[in-house]
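Assemble the whole structure, with the sequences as input and the hints as a guide.
Protein chains in written order, with our numbering: chain D, 121 to 434; chain V, 121 to 434; chain W, 121 to 434.
Check before you lean on any hint, since a few could be wrong.
It does not matter which identical chain is meant; a pair holds if it fits inside one copy or across any two.
Derived pair list, reagent style EDC-like, types lysine to aspartate or glutamate, alpha-carbon separation capped at 20 Å [claimed, not checked]:
1) 295 x 365
2) 208 x 307
3) 416 x 426
4) 208 x 410
5) 173 x 410
6) 287 x 364
7) 295 x 307
8) 130 x 365
9) 287 x 307
10) 412 x 306
Keep in mind that the hints were calculated from the coordinates and are not lab data.
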Amino acid sequence: MRFDHKVPIKEIATLINAKLVGNTEAFATGINEIHVVENGDLVFVDHPKYYEKCIHSAASYIIINKGTDFPEGKALLIVDEPFEAYLKIVNQYRPFAPSMEAVSATASVGENTVVMPNCFLGNHVKIGKDCIIYPNVTIMDYCQIGNNVVIQSGTVIGSDAFYYNKKTNRDIHYKKMTSCGTVVIDDNVEIGANCTIDRGVTGVTRIGAGTKIDNLVQIGHDTIVGKNCLFASQVGIAGATKIEDEVILWGQVGVNKTLTIGKGAVVYAQSGVPASLEPGKTYFGSPALEAKEKMKELVWINRISEIWEKINQK
Amino acid sequence: MRFDHKVPIKEIATLINAKLVGNTEAFATGINEIHVVENGDLVFVDHPKYYEKCIHSAASYIIINKGTDFPEGKALLIVDEPFEAYLKIVNQYRPFAPSMEAVSATASVGENTVVMPNCFLGNHVKIGKDCIIYPNVTIMDYCQIGNNVVIQSGTVIGSDAFYYNKKTNRDIHYKKMTSCGTVVIDDNVEIGANCTIDRGVTGVTRIGAGTKIDNLVQIGHDTIVGKNCLFASQVGIAGATKIEDEVILWGQVGVNKTLTIGKGAVVYAQSGVPASLEPGKTYFGSPALEAKEKMKELVWINRISEIWEKINQK
Amino acid sequence: MRFDHKVPIKEIATLINAKLVGNTEAFATGINEIHVVENGDLVFVDHPKYYEKCIHSAASYIIINKGTDFPEGKALLIVDEPFEAYLKIVNQYRPFAPSMEAVSATASVGENTVVMPNCFLGNHVKIGKDCIIYPNVTIMDYCQIGNNVVIQSGTVIGSDAFYYNKKTNRDIHYKKMTSCGTVVIDDNVEIGANCTIDRGVTGVTRIGAGTKIDNLVQIGHDTIVGKNCLFASQVGIAGATKIEDEVILWGQVGVNKTLTIGKGAVVYAQSGVPASLEPGKTYFGSPALEAKEKMKELVWINRISEIWEKINQK
Numbered sequence: 121m122r123f124d125h126k127v128p129i130k131e132i133a134t135l136i137n138a139k140l141v142g143n144t145e146a147f148a149t150g151i152n153e154i155h156v157v158e159n160g161d162l163v164f165v166d167h168p169k170y171y172e173k174c175i176h177s178a179a180s181y182i183i184i185n186k187g188t189d190f191p192e193g194k195a196l197l198i199v200d201e202p203f204e205a206y207l208k209i210v211n212q213y214r215p216f217a218p219s220m221e222a223v224s225a226t227a228s229v230g231e232n233t234v235v236m237p238n239c240f241l242g243n244h245v246k247i248g249k250d251c252i253i254y255p256n257v258t259i260m261d262y263c264q265i266g267n268n269v270v271i272q273s274g275t276v277i278g279s280d281a282f283y284y285n286k287k288t289n290r291d292i293h294y295k296k297m298t299s300c301g302t303v304v305i306d307d308n309v310e311i312g313a314n315c316t317i318d319r320g321v322t323g324v325t326r327i328g329a330g331t332k333i334d335n336l337v338q339i340g341h342d343t344i345v346g347k348n349c350l351f352a353s354q355v356g357i358a359g360a361t362k363i364e365d366e367v368i369l370w371g372q373v374g375v376n377k378t379l380t381i382g383k384g385a386v387v388y389a390q391s392g393v394p395a396s397l398e399p400g401k402t403y404f405g406s407p408a409l410e411a412k413e414k415m416k417e418l419v420w421i422n423r424i425s426e427i428w429e430k431i432n433q434k
Numbered sequence: 121m122r123f124d125h126k127v128p129i130k131e132i133a134t135l136i137n138a139k140l141v142g143n144t145e146a147f148a149t150g151i152n153e154i155h156v157v158e159n160g161d162l163v164f165v166d167h168p169k170y171y172e173k174c175i176h177s178a179a180s181y182i183i184i185n186k187g188t189d190f191p192e193g194k195a196l197l198i199v200d201e202p203f204e205a206y207l208k209i210v211n212q213y214r215p216f217a218p219s220m221e222a223v224s225a226t227a228s229v230g231e232n233t234v235v236m237p238n239c240f241l242g243n244h245v246k247i248g249k250d251c252i253i254y255p256n257v258t259i260m261d262y263c264q265i266g267n268n269v270v271i272q273s274g275t276v277i278g279s280d281a282f283y284y285n286k287k288t289n290r291d292i293h294y295k296k297m298t299s300c301g302t303v304v305i306d307d308n309v310e311i312g313a314n315c316t317i318d319r320g321v322t323g324v325t326r327i328g329a330g331t332k333i334d335n336l337v338q339i340g341h342d343t344i345v346g347k348n349c350l351f352a353s354q355v356g357i358a359g360a361t362k363i364e365d366e367v368i369l370w371g372q373v374g375v376n377k378t379l380t381i382g383k384g385a386v387v388y389a390q391s392g393v394p395a396s397l398e399p400g401k402t403y404f405g406s407p408a409l410e411a412k413e414k415m416k417e418l419v420w421i422n423r424i425s426e427i428w429e430k431i432n433q434k
Numbered sequence: 121m122r123f124d125h126k127v128p129i130k131e132i133a134t135l136i137n138a139k140l141v142g143n144t145e146a147f148a149t150g151i152n153e154i155h156v157v158e159n160g161d162l163v164f165v166d167h168p169k170y171y172e173k174c175i176h177s178a179a180s181y182i183i184i185n186k187g188t189d190f191p192e193g194k195a196l197l198i199v200d201e202p203f204e205a206y207l208k209i210v211n212q213y214r215p216f217a218p219s220m221e222a223v224s225a226t227a228s229v230g231e232n233t234v235v236m237p238n239c240f241l242g243n244h245v246k247i248g249k250d251c252i253i254y255p256n257v258t259i260m261d262y263c264q265i266g267n268n269v270v271i272q273s274g275t276v277i278g279s280d281a282f283y284y285n286k287k288t289n290r291d292i293h294y295k296k297m298t299s300c301g302t303v304v305i306d307d308n309v310e311i312g313a314n315c316t317i318d319r320g321v322t323g324v325t326r327i328g329a330g331t332k333i334d335n336l337v338q339i340g341h342d343t344i345v346g347k348n349c350l351f352a353s354q355v356g357i358a359g360a361t362k363i364e365d366e367v368i369l370w371g372q373v374g375v376n377k378t379l380t381i382g383k384g385a386v387v388y389a390q391s392g393v394p395a396s397l398e399p400g401k402t403y404f405g406s407p408a409l410e411a412k413e414k415m416k417e418l419v420w421i422n423r424i425s426e427i428w429e430k431i432n433q434k
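Spelled out as C-alpha cells, the structure:
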C-alpha cells in the first residue's frame with residue numbers, strides 16, 4: 121500500500137512506539153508485505169527465520185522485534201509486536217472510511233462506460249472507458265478497472281482478504297490482518313455474475329488483460345492472473361497464487377495458495393491443485409495429476425478386481 | 121419459532137380444524153420441529169415411528185394424525201394432515217410480511233455500526249454495535265447479529281431453508297416446508313462476500329463467536345457452528361449439522377446434513393463429509409477419511425501397476 | 121432470438137455485406153444457433169463439417185462462407201466471416217440498451233407478486249402472479265418468470281453466456297459470442313440465494329415447472345431443466361445441457377456441457393458428470409459411475425494392501 125503522501129519515519133516510530141535506529145531522517149512511501157515490497161516501503165517481520173530476507177529486501181524500513189545489523193541507508197523500527205505495529209500504521213494512514221453514497225464522489229468512470237442501477241463504487245475507484253458494470257455490482261475502495269471490461273451482476277471486487285493470525289494465548293482466537301491493498305482489472309477482462317475477487321492484503325490482486333471469468337468464481341487476495349486465461353464457473357483460487365498467461369481452469373477447480381500454474385496449462389473440471397503445475401500440460405484429479413496419468417490411474421483402479429481373481433486362481 | 125404472544129390452544133385447534141384432547145385450557149408459546157422444541161411449544165408428527173418421541177419431548181402440544189396416550193398436562197390436536205396444520209399455523213402467526221423499505225422501520229442497529237449503501241435489513245432485524253455491513257448485503261426478517269461483526273458485500277443472511285416434502289400423489293410434486301426460523305450471528309464473527317446462510321426451519325441457524333467465514337460459503341438451515349471456526353471459500357454445509365468449536369474446513373469442502381464434526385477437526389480442501397467426524401483429527405478425500413489413511417490410499421493406488429507386473433512375471 | 125418485427129433478408133444482406141442468393145424477397149423472423157433454429161430463422165455456419173446440417177435444418181436463411189446447393193425457398197448469405205456477421209445482426213436488431221432504472225418501464229409484474237427492495241428488473245422482463253422476488257435480485261432483459269415463483273436474494277437471472285471463440289491469429293485472444301437469448305422460469309419454481317442462471321446465446325435457458333434450486337447454484341446458457349427437479353447447493357451445470365424431469369443433483373455436483381441426464385436420475389454430492397446419464401439410476405464419483413459400481417470401487421481400493429501382502433507371501 122502506498123501512502124497518500126511521504127511520511128517521516130520518525131512520525132511512524134512515534135505512532136508505533138518504536139526504537140528507531142539507522143536512517144532516522146528518511147521518509148516512507150508505503151507499507152507492504154515482504155513479497156511485494158518496493159524501495160521506500162516499510163516491511164514488518166517478527167520471526168528470526170525471515171529477518172535476513174526482510175532486512176535485505178527492497179524495503180527501506182524494517183519493523184522488527186529485535187535489534188540486528190542492517191545495510192546503510194535503511195532503518196530499523198524495533199517494537200515488541202511488529203504485527204500490531206502494522207495494524208496501527210494501516211489504521212492511521214489508510215483508515216476505514218466508508219462511502220455512504222452508492223457511488224462515491226471520488227470514484228471516476230470513463231467515457232462510454234455504463235454503470236447500471238444498484239451498483240456500489242467506493243472511494244477512489246477508477247473505471248476506464250467502454251465498460252459495462254451490470255446491476256448490483258460492488259467495487260470497493262481504490263480498485264481499478266481498465267477499458268472495455270464487463271462485470272456482471274452481483275460480483276464483488278475488492279472484498280477483504282481472508283487472512284487471520286492465530287493468537288492462542290489471547291482472549292481473541294483469530295486476529296485479522298487488515299487489508300489495505302487493491303484489485304486491478306486489466307483491459308478486455310470479462311467477469312461473470314456473483315464472483316468475488318479479494319483485494320491484496322497490502323499489494324494488488326490482478327486480473328490480466330483479456331482474461332474471461334465465468335460465474336461464482338472466487339479469486340483470493342494477492343493472486344496474480346495472467347493474460348487471456350479462462351476460468352469456468354465455481355473455480356476457487358486461494359491467496360497469493362500466480363496463474364500465468366493462457367491458463368484454462370474448468371468448472372469447480374480448486375487451487376491452493378502461493379503456487380504457480382505455468383503458462384497455457386489446462387486443468388479439468390473439479391480438479392484440486394495442491395502444488396505448482398508446469399506450463400503447457402493438462403491436469404486432472406484431486407489432487408491433480410497430469411491428465412494422462414490420471415486416466416491410467418482410473419484404468420488401473422478398474423483392474424483391481426481382475427488382479428484379485430488372478431491371484432486367487434493360482 | 122416463538123409466537124409474538126401466548127396463543128390459546130383452543131384458538132389453534134379451531135384454526136387447523138383439530139380435535140383437541142387433554143389440557144384444552146392451555147396457551148402455546150411457539151411451534152417447533154422435534155429437535156428444537158421447548159416447553160410450551162407445539163410440535164407436529166405424522167409418522168407412527170416418531171409418535172413416542174414427540175409425545176414425550178419437551179413440547180406441550182402435539183399435532184398428530186391419530187389419537188394415542190399422552191402425559192398429563194399436555195394436549196393432542198388430532199388432524200388428518202399435521203404438516204398442512206403446521207403450514208396454517210405459520211401463515212397465521214408468522215405471516216410473510218415483506219418490508220418494502222430497504223431498511224425496515226423495525227430493524228435496529230447498534231452504536232458505531234456502519235450499514236453501507238444498497239443493503240436490505242428486514243423486519244425485526246437486530247444488529248449489535250461496532251459492526252460493518254458492506255454494500256449489497258441482505259439480512260432477512262428476525263435475524264440477529266452480535267457485536268463487532270463484519271459481513272462483506274453480497275452476502276445473504278436468513279434465506280429460506282431448502283426443505284421440501286415429496287407429495288407423489290398430488291398435483292404438486294414438492295411441497296415447501298415454510299421457514300419461520302432465524303439466524304443468529306454471535307460476536308466477532310466475520311463473513312465473506314456472496315455467502316448464503318439459511319435460517320432455521322422453525323429454530324435457529326447459529327454462527328458461534330469468533331468464527332471466520334470466507335467468500336461464497338453456504339450454511340444450511342438449522343446448522344449450529346461453534347466458536348472460532350474457520351471456513352475457507354466455497355465450503356458448503358447442508359442442513360441441521362453441528363460444527364463444534366475450532367473446526368477448520370478448507371476450500372470447497374462439502375458437509376452432509378444432520379451430522380457432527382468434533383471440536384478442532386480439520387478437513388482438507390475439496391473433501392466430502394458424509395458422516396460425523398471425530399474431534400481433533402485431520403481428514404481428506406471424498407468421501408473423507410483420516411488424512412493419513414487417505415494418503416496411504418493414494419500411495420496404494422499408485423502401486424497397482426507394480427502389482428500387475430509382479431503377478432504377471434510369476 | 122426473435123426479431124421485434126420481420127426483417128427483409130435483403131436488408132440483412134446489406135448490413136453484413138453478403139452475396140445473397142436464392143429467395144431474395146423473403147423476410148427473416150429471427151436468428152438462432154443450429155440446435156434451436158425454427159422456420160423463418162437465420163442461422164450461420166463457417167465450417168464445411170456443418171454445412172449440410174445447417175442448410176437442411178429448419179432455418180430458412182444460411183449465413184455461410186462458401187456458395188453451395190440449397191433447397192428451394194431458402195437463401196444463402198455468403199460472407200467471409202459468418203461469426204462476425206452474426207455479431208453485426210445481433211448488435212443491429214437486439215442492441216445492448218441497458219435500463220438505467222432499477223425497474224424498467226417495460227417490465228411487467230403480475231397480480232399479487234411482491235418485488236422487494238434493491239431488485240433490478242430489466243427491459244421487457246415479465247413476471248407472473250403470486251411470485252416473491254426477494255431483495256437484491258437481478259433479472260436481465262427479456263427474461264420471463266411464471267406464476268408462483270420464488271427467487272431469493274442476490275440471485276442473477278439472465279447473465280450473459282460464458283461463450284468465447286478463440287482467435288489465435290488476431291490481436292484479440294478470445295472473441296465473445298454476444299448473447300441475445302433469454303431465460304424462462306416456469307410456474308412453481310423456487311430458486312435460492314446468490315444463484316446464477318445464464319441466458320441462452322440465441323435461444324432459451326429454461327427451468328421447468330416445480331423445480332427447486334438451492335443457494336449458489338450455477339445454470340449455464342441454453343440448459344433445459346425439466347419439471348420437478350431438485351438441485352442442492354453449489355451445483356454447477358455447464359451450457360446447453362438437458363436435465364430431464366425429476367432429476368436430483370446433490371450438493372456441489374458438477375455437470376458438463378451438451379449432455380443429457382435422464383428422467384429421475386439421482387447424482388450424489390460432489391460427483392462430476394462428464395457424459396450423459398441414464399434415467400432412473402443413481403450415480404456417484406468424479407467422474408460419476410453408477411453408485412453401486414463406485415461403492416464397489418471404493419471397497420476394491422481398500423483391498424490393494426491386502427493384495428500386496430498376498431502376492432508377497434507366495
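For each hint, the structure was consulted:
{"no.": "1", "hint": "295 x 365", "verdict": "between (35 Å within a copy, 16 Å between copies)"}
{"no.": "2", "hint": "208 x 307", "verdict": "neither (35 Å within a copy, 22 Å between copies)"}
{"no.": "3", "hint": "416 x 426", "verdict": "both (16 Å within a copy, 13 Å between copies)"}
{"no.": "4", "hint": "208 x 410", "verdict": "neither (46 Å within a copy, 41 Å between copies)"}
{"no.": "5", "hint": "173 x 410", "verdict": "neither (34 Å within a copy, 37 Å between copies)"}
{"no.": "6", "hint": "287 x 364", "verdict": "between (35 Å within a copy, 19 Å between copies)"}
{"no.": "7", "hint": "295 x 307", "verdict": "between (36 Å within a copy, 14 Å between copies)"}
{"no.": "8", "hint": "130 x 365", "verdict": "neither (43 Å within a copy, 43 Å between copies)"}
{"no.": "9", "hint": "287 x 307", "verdict": "between (41 Å within a copy, 17 Å between copies)"}
{"no.": "10", "hint": "412 x 306", "verdict": "neither (34 Å within a copy, 43 Å between copies)"}
When the structure is compared with the earlier hints, violations turn up for hints 2, 4, 5, 8 and 10 and for no others.
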